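Top line first, the protein sequences correspond to chains U and V.
Counting in my numbering, the first sequence runs from 1 upward without gaps.
Counting in my numbering, the second sequence runs from 1 upward without gaps.
Bear in mind the hints are in silico, worked out from the structure with no lab data behind them.
Please note: incorrect hints may appear among the correct ones.
Identical chains blur together in the list; that is why a pair holds if it fits in one copy or across any two.
[Claimed, not checked] With a straight-line Cα cutoff of 25 Å, these simulated SDA-like cross-link-like pairs (lysine to any residue) come out:
#1 31 with 49
#2 11 with 47
#3 64 with 75
#4 2 with 76
#5 2 with 33
#6 31 with 47
#7 52 with 35
#8 64 with 80
#9 40 with 73
#10 53 with 65
#11 56 with 70
#12 75 with 55
#13 53 with 24
#14 40 with 60
#15 64 with 23
#16 56 with 26
#17 31 with 79
#18 2 with 75
#19 56 with 1
#20 47 with 17
#21 40 with 17
#22 40 with 75
#23 2 with 30
Model, not experiment: these values are computed from the prediction.
2 protein chains.
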Amino acid sequence: MKVSAIITLKKDVLDPQGKVIQQALDGMGFKDVNEVRQGKYFEIDVKEDDPKKSRKIVEDMCNKLLANLVIEDYKIIEIQ
Amino acid sequence: MKVSAIITLKKDVLDPQGKVIQQALDGMGFKDVNEVRQGKYFEIDVKEDDPKKSRKIVEDMCNKLLANLVIEDYKIIEIQ
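All chains, please: the whole structure from these sequences, using the hints.
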């Protein structure tokens, strides 16, 4: 199954990359932006047909490799 | 409103970064992975209270700055 996960910086962690994007948008005329935060997106195709087990595997991957849990959170957004 | 967008490489575009992540996962014992594809995630807080207009603004941003439409697709996944 294909599992989609998002990894974002925790709320209180500064996101300088998002800030730069916001400034770039501002320079292009998008003035009404409060905040931009950037994160990572992973689409992982695992050899497992059970949605629950697939989710478990990807959560495990996020915990062990994909996310730095000190400053990041992860969220599984789709399993199909 | 906060609009969340995902930008991914188009299906036929090679994703070497995803490949490396897959190899790293393999090295950590996650052997049953068919494919990993990486993308970008943006959470954009716009000064606009109408969901439809907010979506329009962020689609516009994706078209003009955030996504390279030659090799990437974007998708609005959440508006809140």
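Structure-based check of all given hints:
1. 31 with 49: between (46 Å within a copy, 15 Å between copies)
2. 11 with 47: Only across copies: residue 11 and residue 47 sit 19 Å apart there, 33 Å inside one copy, limit 25 Å.
3. 64 with 75: within (14 Å within a copy, 28 Å between copies)
4. 2 with 76: Result: close both inside a copy and across copies, 11 Å intra and 19 Å inter.
5. 2 with 33: between (33 Å within a copy, 10 Å between copies)
6. 31 with 47: Close across copies (9 Å), not inside one copy (45 Å); limit 25 Å.
7. 52 with 35: between (34 Å within a copy, 19 Å between copies)
8. 64 with 80: within (23 Å within a copy, 30 Å between copies)
9. 40 with 73: Intra 11 Å, inter 15 Å, cutoff 25 Å: intra and inter.
10. 53 with 65: within (18 Å within a copy, 38 Å between copies)
11. 56 with 70: within (20 Å within a copy, 35 Å between copies)
12. 75 with 55: Both ways: residue 75 and residue 55 sit 10 Å apart in one copy and 22 Å across, limit 25 Å.
13. 53 with 24: Result: close only across copies, 21 Å inter versus 41 Å intra.
14. 40 with 60: Answer is both; intra-copy 17 Å and inter-copy 21 Å each pass.
15. 64 with 23: Only across copies: residue 64 and residue 23 sit 14 Å apart there, 34 Å inside one copy, limit 25 Å.
16. 56 with 26: between (40 Å within a copy, 16 Å between copies)
17. 31 with 79: Between copies, since 19 Å is at most 25 Å while 36 Å is not.
18. 2 with 75: both (14 Å within a copy, 17 Å between copies)
19. 56 with 1: The answer is within: 12 Å in one copy meets 25 Å, while 31 Å across copies does not.
20. 47 with 17: Only across copies: residue 47 and residue 17 sit 20 Å apart there, 34 Å inside one copy, limit 25 Å.
21. 40 with 17: both (12 Å within a copy, 12 Å between copies)
22. 40 with 75: Both: 11 Å inside a copy, 14 Å across copies.
23. 2 with 30: Classified as between; 15 Å across copies, 35 Å inside a copy.
The structure fails none of the hints (numbered hints given earlier).
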